[in-house]
Amino acid sequence: MRSHKVIEIRNLTSSTYVIRMEKNDFTFKTGQYITLGFSGSIDRREYSIYSSENDNFLEVLIKEVENGLVSKKLKRCKPGDYLDVDGPFGHFSLEESEIGRKKFLFIATGTGISPIHSFVETHPEMDYQVLHGVRIEEEAYEKDSYPNGKYILCTSREKSGDYHGRVTDYLMKNPIPSDTVCYLCGNCHMIYEAYDILEKQGISLGPIHTEVYF
Amino acid sequence: MKKVAFKTLGCRLNQYETDALASQFQDKGYELVQFDESADVYVINSCTVTHQSDHKSRNFINQANRRNKDSVLVVTGCMANNAKEELENRKEINYVVENDQKTSVFSLVEAHFDGEIIHPSKLNADLFSYGATDKGFHTRSMIKIQDGCDNFCTFCIIPSVRGRAASRPIQDILTNIREVISHGAKEIVITGVNIGRYEYEGYQFDDVVEQILNLEGDFRLRISSIEPDGFGEKFLGLLNHPKMTPHLHLCLQSGSEPVLLQMRRMYTAKRFKEIVQTVRAKNPDFNITTDIIIGFPNESEEDFSATCDAIKELNFGHVHTFKYSIRKGTRAERMPNQVDERIKTERSEILRNLSDEIKVNYRKSFIGKTQSVLVEKIDGNIANGYGEHYIPVQFTGENIEKNQFYKVKITDIEDGSDPVLKGEIL
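First to last, the sequence lines map onto chains A and B.
Its first residue numbered 4, the first sequence is counted upward by one per residue in my numbering.
Its first residue numbered 811, the second sequence is counted upward by one per residue in my numbering.
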């Protein structure tokens, strides 16, 4: 367990924020997660890393959970506070050999965009498309950080996105080439449904291609 | 001569570690006695994987203390990591030794009898420096190749108590196996927390298996519990090797895709079925045994039916069922829709009946076939052991020796839910 000094808190919506911490000598593989909590506290939660492997800071994207213990406390942390970081953990990761050769589709819902953001910030040269499903446009967290045409927003509760509906509806209406490498991150139901849709479109998914958010 | 008694709970890895400790104590002049006898030293190698394991571990601690209040009582294993404070506060326990210091239990006890009280935290931490297991509790020789797990399945406490994945150097493994073979071991069982995650200087699990199979000697190799994502094509290609036993304990946990996703397992039910089909295509009577967790949060009737269907379809040789129990600190602890205990009990009974029926049918299919039985127990002229498929076999004969292979033709099967096959020596 390492202690990391908080550099800043960036509020993206009234409930979602990014904590930037000093990286120190922490290393990780893009797509991995850490567990985070206040120094000395036993209450910890898992968060995917939002920043790039190459950044000299460490960021996590957090949505405050109603009645949540840790996400509420973390929202109140201030620059100069220390947080305990454990990890990195997880096997949701890109295959090095595919990065320069394949076309990628990253499908996320809500804050499941976090490891996807890390993927594309780490490997901006990749041939990719991000498909992000949210309820309302406000949840398109830092969408301007993605280059033009790389980010497709699906909004299910308003018509403000690039597509009105869920990501799974989008996938059904917009079949993708079977040689696309897909990564899915978000809630279990989305992953389960998207998995079936993609499989019918001839795409095979291995265990490293999905990360469930709860 | 001082007496030592052991009680081991849980996994094969714990069994291996107890075997090594028991051998070390005997090599140093201790007499090994049964746990229900009076001893000078009791070592409880605990488990904390479920509520039931905690309960059993506590029960054995109480029993040891009742048997000899003046004994040295050492509690080690996963519960020692997970409930350290609670155990350290119990006066009857002399030492609570975490997993990574387990190798030093003997030196701790020796120091105690020499009047030196060492705090276990001062002991050397080493996951792999266990000695020989030849005076342990098993005829089969277990070899530890790996420890810890990085998978962090949402139900599982093991990464917190066994630590991150660590692999033993491949040369140490091969040297250890050559040594036990030279001492007469006939069956090698490779163990670890998540052996499929073996990785050492470019060697993966498949490479370790290949190198073991290439060793000289009259032995056979058994793989213990393994995750479905823990091996590659090379390993599957080795399954028909003459030294490889046709048995895998492949952990399914649930037949429902949504449940597997929520468990954060590294495979799908579909992939699991493909693996079973591939294995059985090579060897139709290959024994695949498994673990199933019943009543994981959100497990619906539909999810449970999917598990029952998978069990019927995959013709497992044995299904080890566990009722899900909340483990503090895991992700599943915070999941909504925990399943009512009565429903878990009902589902357990259904699954147990189903798996018993499938097990009996599987074992019956061996009648008329031959097994190479490694004898583990002899009572008069009745010998008991396991065939290469890891099914229990009993046969009779004169001058039968323990730890030897016998070709046995299976002729009959016992009644009951865990029936032993009966056979005639060839």
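Hints may contain errors.
Over 10 Å on every C-beta distance to chain A, these chain B residues come out as not near it, computed from the model [what the hints assert, rightly or not]:
| no. | residue |
| --- | --- |
| 1 | Val882 |
| 2 | Phe923 |
| 3 | Pro930 |
| 4 | Asp960 |
| 5 | Glu1009 |
| 6 | Gln1021 |
| 7 | Ser1034 |
| 8 | Leu1071 |
| 9 | Thr1078 |
| 10 | Arg1144 |
| 11 | Ile1168 |
| 12 | Lys1174 |
Pairs of lysine-lysine, PhoX-like flavour, derived with a Cα cap of 20 Å [stated by the list, open to error]:
| no. | chain 1 | residue 1 | chain 2 | residue 2 |
| --- | --- | --- | --- | --- |
| 13 | B | Lys1187 | B | Lys996 |
| 14 | A | Lys203 | B | Lys1187 |
| 15 | B | Lys1179 | B | Lys1169 |
| 16 | A | Lys146 | A | Lys66 |
| 17 | B | Lys945 | B | Lys996 |
| 18 | B | Lys1083 | A | Lys203 |
Not everything, but these chain B residues come out facing chain A in the computed CB check (under 8 Å) [said to hold, decoys possible]:
| no. | residue |
| --- | --- |
| 19 | Gly958 |
| 20 | Phe962 |
| 21 | Glu1067 |
| 22 | Gln1072 |
| 23 | Arg1074 |
| 24 | Met1076 |
| 25 | Lys1083 |
| 26 | Met1145 |
FYI, nobody ran anything at the bench for these hints, they're computed from the structure.
Don't be surprised by glycine CBs; every beta carbon is placed ideally from N, CA and C.
Here's how the hints hold up against the structure:
The beta carbon of Val882(B) sits about 32 Å from the closest Cβ of chain A, which is more than 10 Å, so the claim that it is off the interface holds. Once the 10 Å rule is applied to beta carbons, Phe923(B) is consistent with being away from chain A; the minimum gap is 36 Å. Pro930(B), annotated as away from the interface, keeps every beta carbon of chain A farther than 10 Å; the closest lies near 21 Å. In this structure Asp960(B) is not separated from chain A by more than 10 Å, as the shortest Cβ-Cβ distance comes to only about 6 Å.
With a cut of 10 Å on Cβ distances, Glu1009(B) stays outside the contact zone with chain A, its closest approach being about 12 Å. For Gln1021(B), the requirement that its beta carbon stay farther than 10 Å from each beta carbon of chain A is met, with the minimum near 25 Å. Its beta-carbon lying about 21 Å from the closest one in chain A, Ser1034(B) satisfies the requirement of being farther than 10 Å from that chain. For Leu1071(B), the shortest C-beta to C-beta distance to chain A comes to about 5 Å, within the 10 Å cut-off, and the non-interface label is violated.
Not every CB of chain A is more than 10 Å from the CB of Thr1078(B) (nearest about 8 Å), against its label as outside the interface. Not every beta carbon of chain A lies more than 10 Å from that of Arg1144(B), the smallest distance being close to 8 Å; the non-interface claim is violated. Its beta-carbon lying about 27 Å from the closest one in chain A, Ile1168(B) satisfies the requirement of being farther than 10 Å from that chain. Every CB of chain A lies more than 10 Å from the CB of Lys1174(B), the least distance being 36 Å, so the non-interface label holds.
For the hint pairing Lys1187(B) with Lys996(B), the CA-to-CA distance comes to about 15 Å; that is within 20 Å, so the pair holds. Annotation: proposed proximity of Lys203(A) to Lys1187(B) is violated, straight-line Cα distance about 54 Å (limit 20 Å). Distance hint between Lys1179(B) and Lys1169(B) is fulfilled; the C-alpha atoms sit about 17 Å from each other, no more than 20 Å. At most 20 Å may separate the alpha-carbon atoms for a hinted pair to count; Lys146(A) and Lys66(A) meet this at roughly 16 Å.
Between the alpha carbons of Lys945(B) and Lys996(B) the distance comes to roughly 15 Å, so the proposed pair stays at or under 20 Å and holds. Note on Lys1083(B) and Lys203(A): the hinted pairing holds, with a Cα-Cα distance of about 18 Å set against a maximum of 20 Å. The interface hint given for Gly958(B) is violated, since its Cβ lies 12 Å from the closest Cβ of chain A, which is over the 8 Å cut-off. For Phe962(B), the suggested interface contact is upheld, since its CB lies about 6 Å from the closest CB of chain A, less than 8 Å.
Proximity of Glu1067(B) to chain A holds as hinted, the smallest CB-CB distance being about 6 Å (cut-off 8 Å). With a least beta-carbon distance of about 5 Å to chain A, the hint placing Gln1072(B) at the interface is held under the 8 Å criterion. Interface hint at Arg1074(B): satisfied, since its Cβ lies 6 Å from the closest Cβ of chain A, which is below the 8 Å cut-off. With a cut of 8 Å, the hint placing Met1076(B) at the interface with chain A holds, because the nearest CB-to-CB distance is about 4 Å.
The closest approach between the C-beta of Lys1083(B) and any C-beta of chain A is roughly 14 Å, which is over the 8 Å cut-off, so the hint fails. Interface restraint check: Met1145(B) against chain A, minimum CB-CB distance 7 Å, threshold 8 Å, status holds.
Consistency with the previously given hints fails for numbers 4, 8, 9, 10, 14, 19 and 25, ordered from lowest to highest.
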